[in-house]
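Engineer: So you can see what is in the structure, the chains are spelled out below.
8 protein chains.
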Amino acid sequence: NRTGFPEAILAQGKDHDDLLIIINGYCTKKNSNNLLITRLDKNDYNRLKKDLKHLEEKGYNLDYNNKAKILIISNESKNKLSTNYGKIGIITGGTSDIPIAEEAKVIAEQGGAEVLTSYDVGVAGINRLFPQLAKMVKEGVKTIIVCAGMEGALTSVVAGLVDVPVIGVPTSVGYGIGGKGKAALYGMLQSCAPGIAVVNIDNGFGAAVFALTIIKNNK
Amino acid sequence: NRTGFPEAILAQGKDHDDLLIIINGYCTKKNSNNLLITRLDKNDYNRLKKDLKHLEEKGYNLDYNNKAKILIISNESKNKLSTNYGKIGIITGGTSDIPIAEEAKVIAEQGGAEVLTSYDVGVAGINRLFPQLAKMVKEGVKTIIVCAGMEGALTSVVAGLVDVPVIGVPTSVGYGIGGKGKAALYGMLQSCAPGIAVVNIDNGFGAAVFALTIIKNNK
Amino acid sequence: NRTGFPEAILAQGKDHDDLLIIINGYCTKKNSNNLLITRLDKNDYNRLKKDLKHLEEKGYNLDYNNKAKILIISNESKNKLSTNYGKIGIITGGTSDIPIAEEAKVIAEQGGAEVLTSYDVGVAGINRLFPQLAKMVKEGVKTIIVCAGMEGALTSVVAGLVDVPVIGVPTSVGYGIGGKGKAALYGMLQSCAPGIAVVNIDNGFGAAVFALTIIKNNK
Amino acid sequence: NRTGFPEAILAQGKDHDDLLIIINGYCTKKNSNNLLITRLDKNDYNRLKKDLKHLEEKGYNLDYNNKAKILIISNESKNKLSTNYGKIGIITGGTSDIPIAEEAKVIAEQGGAEVLTSYDVGVAGINRLFPQLAKMVKEGVKTIIVCAGMEGALTSVVAGLVDVPVIGVPTSVGYGIGGKGKAALYGMLQSCAPGIAVVNIDNGFGAAVFALTIIKNNK
Amino acid sequence: NRTGFPEAILAQGKDHDDLLIIINGYCTKKNSNNLLITRLDKNDYNRLKKDLKHLEEKGYNLDYNNKAKILIISNESKNKLSTNYGKIGIITGGTSDIPIAEEAKVIAEQGGAEVLTSYDVGVAGINRLFPQLAKMVKEGVKTIIVCAGMEGALTSVVAGLVDVPVIGVPTSVGYGIGGKGKAALYGMLQSCAPGIAVVNIDNGFGAAVFALTIIKNNK
Amino acid sequence: NRTGFPEAILAQGKDHDDLLIIINGYCTKKNSNNLLITRLDKNDYNRLKKDLKHLEEKGYNLDYNNKAKILIISNESKNKLSTNYGKIGIITGGTSDIPIAEEAKVIAEQGGAEVLTSYDVGVAGINRLFPQLAKMVKEGVKTIIVCAGMEGALTSVVAGLVDVPVIGVPTSVGYGIGGKGKAALYGMLQSCAPGIAVVNIDNGFGAAVFALTIIKNNK
Amino acid sequence: NRTGFPEAILAQGKDHDDLLIIINGYCTKKNSNNLLITRLDKNDYNRLKKDLKHLEEKGYNLDYNNKAKILIISNESKNKLSTNYGKIGIITGGTSDIPIAEEAKVIAEQGGAEVLTSYDVGVAGINRLFPQLAKMVKEGVKTIIVCAGMEGALTSVVAGLVDVPVIGVPTSVGYGIGGKGKAALYGMLQSCAPGIAVVNIDNGFGAAVFALTIIKNNK
Amino acid sequence: NRTGFPEAILAQGKDHDDLLIIINGYCTKKNSNNLLITRLDKNDYNRLKKDLKHLEEKGYNLDYNNKAKILIISNESKNKLSTNYGKIGIITGGTSDIPIAEEAKVIAEQGGAEVLTSYDVGVAGINRLFPQLAKMVKEGVKTIIVCAGMEGALTSVVAGLVDVPVIGVPTSVGYGIGGKGKAALYGMLQSCAPGIAVVNIDNGFGAAVFALTIIKNNK
Ligand SMILES: Nc1ncnc2c1ncn2[C@@H]1O[C@H](COP(=O)(O)O)[C@@H](O)[C@H]1O
Ligand SMILES: Nc1ncnc2c1ncn2[C@@H]1O[C@H](COP(=O)(O)O)[C@@H](O)[C@H]1O
Ligand SMILES: Nc1ncnc2c1ncn2[C@@H]1O[C@H](COP(=O)(O)O)[C@@H](O)[C@H]1O
Ligand SMILES: Nc1ncnc2c1ncn2[C@@H]1O[C@H](COP(=O)(O)O)[C@@H](O)[C@H]1O
Ligand SMILES: [Mg+2]
Ligand SMILES: [Mg+2]
Ligand SMILES: [Mg+2]
Ligand SMILES: [Mg+2]
Ligand SMILES: [Mg+2]
Ligand SMILES: [Mg+2]
Ligand SMILES: [Mg+2]
Ligand SMILES: [Mg+2]
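Chains as they are written, first to last, in my numbering: chain A, 1 to 219; chain B, 1 to 219; chain C, 1 to 219; chain D, 1 to 219; chain E, 1 to 219; chain F, 1 to 219; chain G, 1 to 219; chain H, 1 to 219.
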């Protein structure tokens with residue numbers, strides 16, 4: 001992978017057999033990095049695990065993150081996790097946004113970032129936001145990913161308080177008109193706070209990869 | 001008018017002749033209240049003014065508010081403006097929201113409210129918001145109308161700070177996806193701040209009438 | 001909670017473990033009010049109930065309202081239900097709107113309101129509407145919440161008949177174009193009846209909290 | 001024209017030269033009925049009038065209805081207006097809906113119907129609705145066309161009161177979300193009043209032709 | 001029921017207990033007509049059947065139409081099915097539209113119409129359309145209901161061939177953009193064939209009731 | 001231009017100066033083909049004509065097609081119009097679709113096709129469709145472009161009658177829901193007639209280029 | 001079947017009994033071609049297989065393609081598969097697009113085409129695209145079907161590289177705004193690469209039938 | 001201005017008098033930076049220029065950029081333009097995207113960036129893209145802004161070729177479905193190329209401010 005990002009396969013929309021072929025194919029390649037299977041349901045993971053026993057016997061490690069819905073297939077003999085590219089902050093408005101934030105976290109860490117998180121700091125927790133943000137800035141995060149659903153206004157609040165680039169991830173939280181992330185996406189795109197760009201609804205993956213381009217070019 | 005609200009005619013979508021007929025018809029009725037012609041362009045007002053000279057001769061007063069785009073036709077001999085129902089606050093995020101706020105203000109005042117305004121306190125002016133809100137609360141406003149476009153997050157901010165009912169008026173400010181008030185409307189409907197209800201995009205009129213129902217039942 | 005509203009957790013979108021952590025965390029706080037878990041499916045409630053036995057042993061009461069899909073966790077030693085803030089009316093057009101009305105009712109009562117209800121008075125039952133409304137007005141309701149799906153016109157009818165503020169709650173009833181609450185929401189926002197503001201589709205919770213701001217500032 | 005409806009040309013989207021060719025072509029055909037040019041702006045009519053002088057010399061009559069925006073080209077020697085197919089009622093909610101109602105009226109009359117109208121009976125004028133409807137029913141209208149914008153609820157009200165088929169024509173009146181006839185169309189399609197079918201927004205023409213099919217098959 | 005239409009309850013969105021209460025309530029009323037429970041899944045019907053044994057013992061008949069998803073609760077001692085109001089034609093484009101057509105058929109028959117059907121005559125079967133239509137016209141149908149999904153063009157074809165009013169029912173058949181009945185609805189509303197009005201997507205019920213208003217006023 | 005298509009510049013969205021630079025730049029290139037400026041308003045053409053006098057002096061020919069809104073800049077010394085690639089049919093439903101059809105015609109002819117047209121054969125003119133289609137097929141057209149607005153059903157009708165590929169061009173004709181080409185586009189995409197593919201609304205240009213790929217690979 | 005395309009029944013939206021009737025009816029017709037049941041779930045196929053045993057006994061062959069979700073019912077004594085009409089290329093962007101591509105492949109082959117495929121050549125595999133395309137062109141494909149989801153840009157890339165007509169099939173791959181094929185469809189319709197026409201989202205069937213019209217008229 | 005960005009006023013939606021008040025107010029503040037008036041039509045600029053003569057007399061410089069539609073009000077005695085924060089690349093697909101690119105360029109330069117541009121390199125000019133990108137990378141741009149309309153695929157192409165963060169700006173270029181920037185926005189949000197985040201349609205301003213946060217935190 002030319003740009004040094006983790007190799008990621010989107011499980012959603014692929015059936016069991018396709019995934020097996022892709023994974024086995026990848027693991028026979030020499031010097032390959034970690035392989036990430038994203039948006040993998042727990043049940044689908046359990047089925048995969050059974051059919052990938054031979055990989056574990058060959059020294060591969062299967063590590064499933066239940067919140068992030070990501071399976072990491074690694075092989076210690078092959079590549080080492082490096083986290084010295086720089087720091088990324090990840091913030092969520094509520095509890096429901098955490099799965100997307102965790103997806104971003106796993107991708108960012110696999111891509112070589114150190115990640116600082118602060119979850120559930122929107123609305124009711126807004127008083128907890130300020131010290132958390134202050135700490136992140138002091139620790140030197142080079143960019144902050146904000147995952148927020150419903151009206152998604154946390155993104156603007158954060159962008160108004162910090163100078164680093166803020167990456168908005170609207171999450172599919174909320175019902176009624178503007179629900180499922182639409183109001184959050186529209187709001188982030190309409191925001192008049194300085195220094196926001198967005199990725200698609202629930203795209204924690206894309207936010208993390210974008211954040212990695214920032215810190216990798218930042219050195 | 002049973003509920004004691006000002007009689008209002010929406011000029012938009014009516015031609016010159018229709019308006020003349022409606023106005024003349026209304027002014028021949030006995031003991032009628034003030035008549036408000038809303039969403040009346042300046043040019044259309046000028047044309048009307050010429051053809052309503054006979055009303056001025058009969059003691060009617062034509063008062064055109066250029067920002068609010070409202071013509072007030074009053075007759076001192078007939079009704080007195082009373083403002084003792086209670087106080088209403090009106091806030092805007094930016095300069096572009098002011099016409100809608102002024103529409104609300106005229107309607108509210110004509111309906112018997114005392115109005116306190118604080119314009120252009122969103123985003124850049126957020127530091128000016130707190131003292132203004134504090135003042136409104138101290139003065140005893142019974143409800144606050146918030147006019148905001150783009151992402152419309154000011155409504156949530158205000159609702160998070162005060163205990164009185166907050167009436168959100170999304171304004172048709174902003175371009176691109178979610179523009180023309182859509183993001184603001186969606187955001188206000190998705191807001192998780194307590195105590196918000198909304199009227200349609202640019203409906204300063206409806207917000208004022210709703211505010212009047214609150215203060216009139218509040219005595 | 002600064003504004004004196006009931007503390008409410010939206011179960012939708014949170015998994016079992018998240019809910020347990022939130023509930024347990026809340027119940028260890030001193031002098032906390034009742035805790036409401038909203039939009040909680042019966043099955044999820046049953047699972048929670050098992051894992052919250054220890055709370056019941058400590059004197060907490062778990063009261064699940066199946067229509068409203070709300071779990072009320074209360075502790076007699078801690079807070080008393082007060083209903084002396086004032087009266088709120090709640091009306092539905094049909095039978096299918098009742099769950100949303102019940103959500104509003106539970107929230108309003110927990111927030112200190114006395115609630116008068118009149119369900120299924122739209123369309124076929126319109127002849128039952130007039131005496132019911134008259135009774136509510138006579139009893140002194142300070143605001144009326146109208147839950148209506150399909151075309152949602154009941155809201156306008158009510159607003160045309162009463163002088164108190166009317167809060168429209170479009171419900172996700174109806175199929176085809178404009179279904180799932182869209183026609184009702186659009187219709188309420190387009191209504192030319194005086195004195196209507198709206199909350200989002202199915203947002204009985206938000207309507208009740210807004211109604212509470214009206215009656216609490218009404219005293 | 002096989003079905004006996006008036007021959008109508010939609011001027012909108014056609015340029016001056018196209019219209020001239022179509023009109024001249026039609027008028028050279030023998031025994032042709034009246035020709036209707038619909039959605040013709042006054043300015044465009046004035047230009048046409050000049051270039052159609054030769055038709056007037058040949059005994060054709062050009063009659064332009066400014067509200068309906070229809071030009072009727074008739075020739076007394078050729079066809080007689082018959083109105084003995086039956087009666088149609090046409091109702092509007094407000095003043096702004098009248099142009100669409102007038103379009104329907106001209107078409108219905110040209111197609112041989114007797115038309116009873118009652119305009120501006122929605123909202124404020126609802127008390128005038130009942131006697132007007134009663135009169136129409138007593139006069140024996142076989143169907144009623146209801147033109148209404150904004151939320152369009154008048155259609156349901158009428159359908160709930162009469163037994164004849166009600167044809168809903170949403171009009172492009174209203175601004176904000178659901179404006180330009182969308183809320184009215186959605187509401188009419190979602191209506192639970194019995195006996196409503198709809199035509200497209202502002203399609204007074206289509207409503208009249210449909211009404212004609214009802215009365216013509218009714219004899 | 002004033003207008004003589006069958007009393008119909010929409011099961012969709014009501015739970016088992018609500019339905020039981022409504023049915024039992026209705027059947028204790030004297031001289032009530034047949035009761036129709038529409039959009040009732042087979043499973044839900046089976047559950048109802050068990051809990052309505054007492055009605056069958058009292059002489060009520062429960063007749064479930066699996067295609068139409070309608071349960072008819074009748075009582076021979078009470079009302080007689082009359083079909084002498086007139087004839088209605090019902091046509092479908094494909095096999096998938098039949099459930100909606102059957103819903104319309106049951107309602108129309110219960111309301112006193114004689115129904116002639118011709119299914120699956122669109123697209124591939126267009127050659128079968130002409131003789132079927134000719135037969136319907138010859139038999140004297142006073143109106144034709146056309147149920148069609150996908151692009152819904154069958155409605156225009158029929159309206160172009162017959163002189164009676166054509167009622168379009170877009171069905172939720174078709175996938176991709178314009179699927180689920182949207183293209184069919186839009187197409188029917190945009191049709192330039194003379195004599196079409198429409199009801200909402202899948203609203204076989206509404207089409208039948210509308211057709212009944214035509215034939216009942218036709219006598 | 002590698003594929004042998006005419007070089008086309010979309011004037012829409014470019015200002016006068018940009019167009020001058022592009023045209024002058026192109027005409028100084030050796031052996032360049034004809035240059036087509038599409039979607040050029042008459043007024044803009046007149047302005048261009050003045051500033052391109054020097055081209056005419058150098059032997060260039062400026063030919064403006066008012067219906068198609070295309071300016072063809074050719075130079076006899078440079079390239080010859082060849083029409084021997086094959087035949088393309090172009091059909092429109094109404095008069096309002098002709099500008100789009102003409103855009104397609106000019107592009108197709110400039111690209112080397114022989115074009116057969118048949119305009120205004122939809123709806124009222126459907127009886128004229130059959131002989132026209134028969135003639136096109138007999139003349140050996142290799143593909144037919146159908147331009148249709150409103151419900152756009154003509155495309156399906158044609159595709160059901162011929163065996164050659166049918167290219168649907170929805171035109172922005174029609175008002176109300178589904179207007180401006182939406183119903184036509186959705187209908188063409190939902191069509192179950194065999195052998196249809198579509199281009200975007202009003203994209204006569206794209207349809208012609210696609211047709212050219214068919215005939216050029218057909219030899 | 002006049003045009004020589006395979007007879008196809010869309011299983012989606014038809015119940016088991018309907019399918020049985022259609023299949024049995026078709027197979028009793030003399031000299032009928034192969035019958036294709038499309039969009040048939042594996043479970044539904046298994047149920048059908050049991051109830052179609054009698055067909056197998058009569059010499060019919062049931063061949064279910066699990067990726068394409070198509071059941072082919074053939075009878076060797078009746079028709080022979082011919083593939084001499086010409087060659088069609090089919091390309092997919094990712095693994096998730098393969099089912100749609102396979103649907104197209106089965107239909108194209110049944111219709112008499114020879115099909116060349118190249119799957120998963122978008123994004124990561126773009127370097128594999130060029131040689132694959134070159135090979136297709138060299139082999140003489142007369143048209144290329146491109147199945148792509150998400151942003152669907154592969155279609156433009158292909159159209160920019162080859163001279164044959166490119167048929168775009170947006171697939172319902174991708175989440176968030178523009179997901180489920182919308183961005184792909186919009187992008188293909190907006191593409192400025194020369195020589196693209198599109199079918200609806202996931203309509204592999206329609207793409208194949210259109211491709212067949214190209215090659216059959218190409219001989 | 002805390003973050004060191006240029007102070008910018010959006011002229012769109014503000015009337016002449018509002019702008020005068022804002023500008024005069026700003027210019028009386030001490031040590032203020034340059035003031036930028038964005039989205040200012042040439043005509044509005046000319047009117048402003050007349051009423052701001054007094055500023056020019058006080059040493060202010062009014063510099064209007066016609067492509068970018070930005071007026072820069074600077075005062076040499078007050079602030080110096082610094083461009084030493086780092087380099088930003090700006091690319092457009094076509095000529096029509098240049099105004100948005102120029103808006104971004106002015107903002108970026110005023111904020112202290114050095115800007116490298118490469119316009120009109122999409123579609124036809126794709127062969128010019130590679131050397132231009134290579135040059136930008138070699139010069140050390142820290143981020144690239146890509147302005148593209150229609151399908152907007154240029155953004156993905158660029159992101160696939162460079163390692164720096166790519167900021168997508170969909171432009172409102174293109175007609176029909178997905179036009180006015182919608183397809184471009186959706187496509188950029190759906191892109192699977194690594195390292196893209198987006199701002200709203202035509203938001204060159206927001207893209208530039210975001211780019212500035214990247215380079216300012218990059219030092
Ligand atoms: N969770 C995710 N969300 C968005 N994109 C993803 C995700 N996981 C993988 N991708 C991207 O999707 C592209 C297509 O995935 P695949 O279909 O697995 O080849 C990959 O190259 C990844 O860059
Ligand atoms: N500016 C406005 N915005 C919204 N509604 C209005 C406005 N002005 C008047 N109205 C309402 O619109 C209704 C219809 O107006 P009219 O068409 O004038 O009868 C009136 O009864 C008013 O309640
Ligand atoms: N009328 C038109 N409709 C659609 N696309 C066009 C039209 N005219 C030109 N184009 C295409 O639009 C692309 C971009 O045009 P331009 O902005 O002129 O470079 C050109 O390469 C043409 O392929
Ligand atoms: N998978 C498919 N996708 C799109 N159209 C199809 C498919 N399968 C069959 N069709 C078409 O859909 C039409 C209606 O199908 P049916 O309802 O089976 O008569 C048939 O005539 C086919 O042309
Ligand atoms: Mg910031
Ligand atoms: Mg509050
Ligand atoms: Mg009221
Ligand atoms: Mg009725
Ligand atoms: Mg007809
Ligand atoms: Mg064909
Ligand atoms: Mg090509
Ligand atoms: Mg990159």
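Just so you know, the hints here were simulated from the structure itself, not pulled from any lab data.
Do not take every clue at face value.
[As the list claims (entries may be wrong)] Straight line, CA to CA, 30 Å or less: simulated DSSO-like cross-link-like pairs of lysine-lysine:
hint : chain 1 : residue 1 : chain 2 : residue 2
1    : A       : K49       : G       : K67
2    : F       : K50       : H       : K30
3    : B       : K87       : B       : K58
4    : F       : K58       : C       : K180
5    : H       : K42       : F       : K42
6    : H       : K180      : F       : K49
7    : F       : K50       : F       : K87
8    : D       : K29       : D       : K42
Engineer: Against each hint, give a clear statement of whether it holds in the structure.
Structural biologist: Hint-by-hint comparison with the structure:
For the given pair, A:K49 sits about 23 Å from G:K67 by alpha-carbon distance, which is consistent with the 30 Å threshold. Proposed proximity of F:K50 and H:K30 is contradicted: the alpha carbons are some 51 Å apart, above 30 Å. Taken as a hint, the B:K87 and B:K58 pair is broken in the structure, with Cα atoms around 33 Å apart against an allowance of 30 Å. Between the alpha carbons of F:K58 and C:K180 the distance comes to roughly 66 Å, so the proposed pair goes past 30 Å and is violated.
Among the hinted pairs, H:K42 with F:K42 is consistent with the structure: their alpha-carbon atoms are about 23 Å apart, no more than 30 Å. In summary, the hint linking H:K180 to F:K49 is supported, as the alpha carbons are separated by about 29 Å, within the 30 Å threshold. For a cut-off of 30 Å, the pair hint linking F:K50 to F:K87 is broken: about 36 Å separates their Cα positions. For the hint linking D:K29 to D:K42, the alpha-carbon distance of about 27 Å falls within 30 Å, and the restraint holds.
Of the numbered hints given earlier, the model fails hints 2, 3, 4 and 7; all others are met.
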